[in-house]
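**Q** The chain contents come next:
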Amino acid sequence: MTAYIVRRLALMVPLLVGVSLVTFTLLYLVPGDPVQSLVGERATPQMVESIRRELGLDLPLHLRYGRWLARTVRGDLGRSWATHRPVMVSLIDRFPITLKLSVLAFALSTLLGVTVGVATAVREEAGGDHLARWALLGGQSVPIIYLCLVFMYVFGVWLRLTPVSGLGDGSIRYFLLPAGALGLYTSVYKARMTRSAMLEVLRQDYIRTARAKGLSERVVIYRHALKNAMVTVVTVLGAGLSALLVGSVLTETVFGLPGIGKLQIDGVYARDFPVVMGCFLFQAVVLSFTNLAMDMAYAWANPRIRFD
Amino acid sequence: MARHPAAFLALLVLLAAGCARLPAAIPEGSGVWRGCLNRNPVTLDPAYVVTLLDSSICALLYNGLVRFDESGRVVPDLARTMPDVSADGLTYTFELRRGVRFHNGRELTAEDVVYSFRRILDPATISRRSWVFEAVEGAVAFNRDERTDLPGVRAEGSHRVVITLAWPLAHFLSLLAMPAGYVVDRNEVERHTDPRDYGFHPVGTGPWVLESWVPGAYLRLRANPDYFEGRPHLDALDYRIIEDGATAVAEFRAGNLHLLRLGPVEHAVFQRDPRWEGFLVGAPDLAVYYLALNCEKEPFDNVLVRQAVNHAIDRQAILEAVLPGRYVLANGSIPPGLDGHDPHLEGYRYDPALARRLLAAAGYPRGFRMEIVQTSSPGVLQITEPIQRMLAEVGVEARLVQLESGAFFATIGDQGNPDCFFVSWWADIPDAENFLYPLFHSRNRGGGGNRARFSDPAVDAILDRARLTLGAAERSELYRDAQRLVFSQAPWVPLYFPINYLACRPEVGGFVACSIANAQKMTGVWLAPPPAAD
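Chains as they are written, first to last, in our numbering: chain A, 1 to 308; chain B, 1 to 534.
Warning: the hint list may mix true and false statements.
[To be verified] Where chain A lies over chain B, by a calculated footprint (3+ residues, C-beta under 8 Å):
id: 1; segment: 107 to 115
id: 2; segment: 245 to 254
id: 3; segment: 396 to 406
These are computed hints drawn from the structure, not numbers from a lab.
Model, not experiment: these values are computed from the prediction.
For every residue, glycine included, the Cβ atom is placed at its ideal position computed from N, Cα and C.
For reference, chain B alone in the conformation it holds in the complex (with noise of 0.2 Å):
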């Protein structure tokens, strides 16, 4: 299945649309949602979101200039119609919608916009997502304190913005439809005595409001009647906190919850219960798990070794066991369904006495000792201790060091040299640009994402000229061609792109899983008369 990536995409595209059973006329107000969140939101407010969960909740309470649709698009969202872009592709001027309110009643005006853009930058603030803005013309000096204005902002009448830029970045309209890109009511964030209280009552525009929120129990989002884009289908949203993935299943199975992402354990049962049957839905999760060398560091700072560990390594075979029908086998970084995905790249294939032979040359020919470290996350050990075994095949003793999550950062991050590490990267916007500059630009190595410390002149060089490209076609070109270099030299050893899937109850109607998790905005889902009790 996962051989042939681009059929088995389409297949799962089908499935998506594939819950509603009953197309009657939708009726306004047909019920509340009834979901749940593996943990407990950190916060809402824009600012400080970095976590998938903070912003797939955010994306239901606010809105951007932009915003990406179901299918990873970017589409116009509080801007009237897409931006006009100047020809040097430094300055966009964006049409605000006229008569949207704030969930307090409040008209959104083009000077929000440039509130909560500076607000981002503002050293002040302190948030943790400003190099969304920095190529922002003043943006940087701004946020390091260094002058006082920001002139890439501002507001040309109540209804209009003008972005500058100070370098052309092909990529700046998915940047700006992350959370933070949303609009914020500068009076409710100056409300407070601290303005980081505002985290625990935002107020947007989008269209759900923020009810009650018991941290690590629930919240309750409530349709806005006044939605620009008209009032969702749905009363409510009712989020439950279940961390425990068998409590989970345990209430959906009690009809408790009509959407319940599956482990592979859980998929397993659900696919062979007949009564499921076309109501799971699956999609691809804008995600890569890899397992990275530290080409800094001895003997991972030789290709040599790093392309034998890669050939060491039958991965078709460890994932074809541990995820059925969950994977589709990486050759590079970037997933299926981007632009700059390379489906003809080829990956290392399983050849161990190549692998030794490759050892030999490289001055290894009795092997080395590494180690490998993880999370202790369910289902890692499975991955690893395969790899353990296959390396240990070609010579090389490899220890499995398991670490609790906070720990595991630290180490691959800026406080430790691991020789290798098995993690994933999942993407901030649906772009090529997210799984290469982040990953194996020099300038980002460590915890600016580069955390196998690649560091490659010419690939910085394609980097470099992919983010000031504008031409589409051009681009993915860059990208493919930097993809293509990066892995000649082997400073991972790539695995797979996870399958995500979910069950959805019979009498969901609209809902469509989307890839990346603040494209969800939960608008058109609705809720058929449930079905007789079976």
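One chain only, chain A, in its complex shape (with noise of 0.2 Å):
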């Protein structure tokens, strides 16, 4: 288990180095000029020359990278562009709100839609089996920035029970309303996965023998039913929690919450080349972990997966 880490661990490095060169190369073939957007109307050419030389830009391409990449490996993200913030400090403001987003949605979603997705497996093709499913299709074919804006109104507007959006202070109330929407919005998927991994699961022998040999229905359920189903239902999870922690651009956007997603976006359109490098290096950093921690848990749920 410790070698299959290492492994693991080193095999990010190439990784890494691979991710950052596409993203470096795919940065300087997308259209449009960076220095543009920093020196608004009536820039002489002597000023726009003046900018690339300080951002490097008058630079090969390989050599650009390459100073990057000295620099990346000394943990020095470089300075954005743009408002000139060293890129690990953004990264590090910024996580912390990505993460605490996540987390929320990321138990909300798995709770609403493991319990719905068990229990509509259980009670199969009865009434509320049906009206489940419905609604899940319908949540699912709602867009998220909607989502948003009807819970933004409902809860923060009229009930008046929550902040309508934005930071605050940080404290956990103003993270209720994007997690909800956003925990809402990705339980379906999860609900529907967890459904279908269930019906399998039922149908099997084991399960046929627990309850020949008297076992409740809850034992049946929750202990050999469901356990087994959560190999399925562990990758939607793993998928699901990686799409959250990198970032979900539009609830941050529309909740005005200045997460990774909102840092990269607004990279991405100001041409911030180190701000976006940064987010991407970053990102595929959460995603290794995550994965690698999906892994182990698959191992958990699954004692027949060996890593060696």
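Put the two chains together into one complex; each comes in its own frame, and the hints tell you how they fit.
**A** Shown next as structure tokens:
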């Protein structure tokens, strides 16, 4: 197991270099000039030239990448071209916001998704099952941005139960609405996957055996069926968590939460290369670790999986 | 409504004065202003400010020698009075107010002014606004690193600043009122290992002091108790950064914002709602929206083609449908309210038959194909799609190309060569010069502002002369002439001067909407105790 983890961590190095190389190249292929958004109107060619030199844009591509890599290896992600804020500082400032939002939304969506999934599977084809499935279909069809606004008006403006938007003092109540909307939205897929995995497991012989030997329905469902269905579900949960942790651009934008997703999209619009590179690298690291954690979770869900 | 701009603007001024409901004694410390910004400020260092938003926040933190008042006139700021100007218009002598202190308590002296201006021109700073001081004696060479001294700006004693220009420049004082003219504290700038970090820790002399700034989330400014014009009425200004328009509306409706900038859709909704009657403030923006025709590129290098395109588009019909009550039809580039605006300037009337004849005369009897480049901002298509249809009627097949704004500005600047594009121009200063010289002087073709790449020696000559002309009446006559000459050659299809509407909560008093971003100092604004909940 330890050897496996070490090997996975070592593999991250070429992965990150690969990601950075691809991102770097893509960024330079994107049309649009980073200097243009910095100088505004009435730029003299001389000013544009000075800024190019300052940013190292006058160097050939491989030299620019080499410079960036050399600095990054030393732990320096550079500074934003637009604001001049160190990229590392921005990432450190913003990740807790994304983390808080992700964890809350993940907890909510998992709780909701797995519960609904199990409940509908157990009562297959009953009225409640049909209703729930329609509701899920509906939930998946509503754009997240709309869901966010509905939540905002219902809970924030009319009922005044929560703040409407914003980070406020960073306390948990400011995250309730965005996490609620995001959690509800992401629970749908989880519910559907749980339901189908459960249905498959519930048809297995060992479930019939469990019931035949007189185990209570609760034990059959939760200890025998659900744990086996979890192998599929864990995959979905893992992918879902990764997707949340790299930042939810729309939710963050609508609710005015300056998370990683927002940082990245602003960086892309401003052609702020150091910021975009920093975000991609950071996300690659987060994804790698989440995937590793999920692989560990497989071993827990399915003891037949071995890491050697 | 838009046909009578003068009357309409007078009405707006009335509206602007009208938010205050209780003219009772204004309590000092009347609360915390809750505003919103539609974007995170990029920097609060005057040397790097290029956006209107950054400019409006810097206005709260800093002062220049002079500033714009709410109507856009230049008035003394750090200077005690308007400067003495020598007869040749080359030497400006400013006497500074005494006892003005930076937020850190240090007293401002003439040396600080000299340092701040030098810093903008210093090649090592790479300021985005060095052009503001280009008329100052020695500035160009100093900025190019060809000389190490800047003779044009000097301190005489502790409270006198003398600026000499290399050539007279009528609107020089307006330039000084821009953020580039704000005075910073040298110690505060140089305190940081990387001087660019100063932009996060600005220290000025202004009525507000930056207390905290969480990028992307909010800015909090508190009243400067020692402000030289007296402490502002409000205790603090809280600006939330809310990029999503729908979110801002929700926050405003929940009572969490005092002021809301209304887009066309919300404007219509609020206008129909009787509860907001009397609380909508309108102000014309100093800006112009237009369709630029690339005068260096076929077929738009032919003036007949450009005129034909102008005649082919029914601007009034489009604007009335898309922006009712929110525009003044533009026939030139100088907005109403500025000296040099010409209410008698005739626009090209909508006449598709004439357009077809002009196209035939230009050698395009069967029209041609073209591209209209535009951003993907909301509302743009509503204007360009009808234009596309109208052009089709005269045989011109226009393709709409939507670009994200970074790519858009690269394309219309020096890196592309588009046929035609939809864009706007926002004033740096409330002066006709700003709506002609950068936009039409051949020296500024491309990224310099003249994006239509228009070039006419006669226009250049008038614009050069107007910049040197000091008499106001003569100057505005020159600008009117230049504008007439430019638009007779139709480098643009001028569309409109926008009118901006704000919804203002009933408890707000003393708020005046300003057309120029950095005129708003927020010192006169106060809040009445909130009325009973509705």
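**Q** Per the coverage rule (Cβ-Cβ under 8 Å, at least three residues), is the segment 245 to 254 of chain B covered by chain A?
**A** Holds: 6 residues of the segment 245 to 254 of chain B have a Cβ under 8 Å from chain A.
**Q** Checking C-beta pairs, does the segment 107 to 115 of chain B have three or more residues closer than 8 Å to chain A?
**A** violated (count 0)
**Q** Verify this for me: three or more residues of the segment 396 to 406 of chain B with a beta carbon less than 8 Å from a beta carbon of chain A.
**A** Holds: 4 residues of the segment 396 to 406 of chain B have a Cβ under 8 Å from chain A.
The structure shown violates just one earlier hint, number 1.
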